[in-house]
Amino acid sequence: MSLKGSAENDSSSELINTVSDLEQYSDNYFKKIEVDFRHCQNIKNDYLKSLIISKLSKAKQKEIACHFECEMVVDKMPIDQFDCVRMFGIVLDNAIEAAVETAHPRIDIMLYQDDNQLEFWVRNNYVANTIDLKSLRQANVSTKAGHSGLGLVNIEEISQKHPNILKTFSKKKDIFSVNIKILVN
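Mind the numbering: the sequence shown is residues 1 to 185 in our numbering, read in order.
Keep in mind that the hints are not guaranteed to be accurate.
As the list claims (entries may be wrong) - Cut-off 30 Å, straight-line C-alpha distance, at most; resulting in silico cross-link-like pairs (DSS-like, lysine-lysine):
| hint | residue 1 | residue 2 |
| --- | --- | --- |
| 1 | 161 | 171 |
| 2 | 172 | 60 |
| 3 | 161 | 60 |
| 4 | 167 | 76 |
| 5 | 62 | 181 |
As the list claims (entries may be wrong) - Listed next, with one range per pair, are the computed distances between beta-carbon atoms:
| hint | residue 1 | residue 2 | range |
| --- | --- | --- | --- |
| 6 | 173 | 17 | 44 to 54 Å |
| 7 | 81 | 160 | 13 to 23 Å |
| 8 | 21 | 184 | 20 to 30 Å |
| 9 | 100 | 173 | 14 to 24 Å |
| 10 | 50 | 173 | 28 to 38 Å |
Note that these hints are calculated values from the structure, not bench results.
In this text, a Cβ means the ideal position worked out from N, Cα and C, and glycines have one as well.
Start from the sequences, fold in the hints, and give me the full structure.
Listed below in structure tokens is the structure:
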């Protein structure tokens, strides 16, 4: 919000100072968190890169073993970038919330892009439950007490807006996987 305010005031020196302060704060913050961010350099969309860094940091803070892989450059969003980031954010939030409840929390994340698609894959452990996958994609159904259960519903709504989204959810023993492919039109 500070950056937006500085930009609206059109004061380039104020904006530069604000960005500089943010960089210094971020550098100090990330020095304390030992997360391997080297694959983040391959993400060229600033919103997506920021989301990934934020969620990796959050997972590390919660002492979740996290592996992130993005070996190819990701520079194109086949759908609206905000829908894309929102969808990936929901998946990552769900993975963090579920993994942290386990004895040995772990999340694996892979991001891949080629000329035909952008693929996002998340795999996390979770405390086994009896709720089936079809139910989890309905409103007001959640494995978490006091939770609205709208995360996967929002993913369903976004994918209805964009017919080029293919998504797969799977549960095997104590592993939950989400694979989202966004095909280039």
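So, going through the hints one by one against the coordinates:
Between the alpha carbons of residue 161 and residue 171 the distance comes to roughly 26 Å, so the proposed pair stays at or under 30 Å and holds. Taking the CA atoms of residue 172 and residue 60, the gap is near 24 Å; set against the 30 Å cutoff, the hint holds. Annotation: proposed proximity of residue 161 to residue 60 is violated, straight-line Cα distance about 33 Å (limit 30 Å). Taken as a hint, the residue 167 and residue 76 pair is honoured in the structure, with Cα atoms around 19 Å apart against an allowance of 30 Å.
This hinted pair checks out: residue 62 and residue 181 have alpha carbons roughly 28 Å apart, not beyond 30 Å. Between residue 173 and residue 17 the beta carbon distance is about 52 Å. The supplied range of 44 to 54 Å therefore holds. Between residue 81 and residue 160 the beta carbon distance is about 18 Å. The supplied range of 13 to 23 Å therefore holds. Hint check: residue 21 to residue 184, Cβ distance near 38 Å, so the stated range 20 to 30 Å is violated.
In this structure the hint that residue 100 and residue 173 lie 14 to 24 Å apart at CB holds, the actual value being about 18 Å. Between residue 50 and residue 173 the beta carbons are some 33 Å apart, a value that agrees with the proposed interval 28 to 38 Å.
When each numbered hint is compared with the structure, violations occur for hints 3 and 8.
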